[in-house]
Amino acid sequence: MSDYENKALLKILGPLELEVMKVIWIRKEATVQNVLTELNKQNDYAYTTIMTVMNRLDKKGALTRSKLGKGYVYKPQYTPNELIQQNSSEQVEHLLHHYGDIAIMQFVDAVGHNPDQLHKLKELIQKLEQVEK
56 MSDYENKALL KILGPLELEV MKVIWIRKEA TVQNVLTELN KQNDYAYTTI
106 MTVMNRLDKK GALTRSKLGK GYVYKPQYTP NELIQQNSSE QVEHLLHHYG
156 DIAIMQFVDA VGHNPDQLHK LKELIQKLEQ VEK
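To convert, count from 1 in the sequence shown and add 55; that's this note's numbering.
Worth flagging that the hints you see were computed from the coordinates, not collected in a lab.
Computed from a predicted model, the values in this text were never measured in an experiment.
Among the hints, erroneous ones may be present.
The calculated DSS-like cross-link candidates involving lysine-lysine, where the alpha carbons are at most 27 Å apart (straight line), are [what the hints assert, rightly or not]: (1) K114 x K125; (2) K115 x K77; (3) K83 x K114; (4) K188 x K175; (5) K177 x K188; (6) K77 x K96; (7) K83 x K130; (8) K83 x K96; (9) K130 x K66; (10) K62 x K83; (11) K62 x K115; (12) K130 x K96; (13) K62 x K96; (14) K77 x K122; (15) K125 x K96; (16) K77 x K66; (17) K66 x K114; (18) K66 x K115; (19) K77 x K130; (20) K175 x K130; (21) K122 x K83; (22) K83 x K66; (23) K175 x K66; (24) K175 x K62; (25) K77 x K125; (26) K114 x K130; (27) K62 x K130; (28) K83 x K125; (29) K77 x K62; (30) K115 x K130; (31) K115 x K125; (32) K114 x K77; (33) K177 x K130.
Please take these sequences and the hints and turn them into a complete structure.
Right, dumping it as structure tokens:
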């Protein structure tokens, strides 16, 4: 996982939530016991702590779970990059819904101070205009 992804994910998830997600991303699916065993190689978490975190991640939509015997098996709903994209999309939609044109102006103003980002924004607008034709 890149430093960029790690920093972005820590804006979305708490530190322990991110550690749990990293285990599940690597394994593709996991039970609470699987995650606990992996994390306790370097820590000393209680089963109930990891269970609570995984239930919370399920409620947040980061994980899905299905019944397995008396417990659950959890799978990631998104890859790390998809989770970042999903969250940033929700943030932008929230800003546009609440602030409208002011949010757009602030975004363009912020991008305008970075030539690389400004160039990327122009490219994206051109692609969007070509699709609309």
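Violated hints - listed by number, lowest first: Hints 20 and 33 not satisfied by this model.
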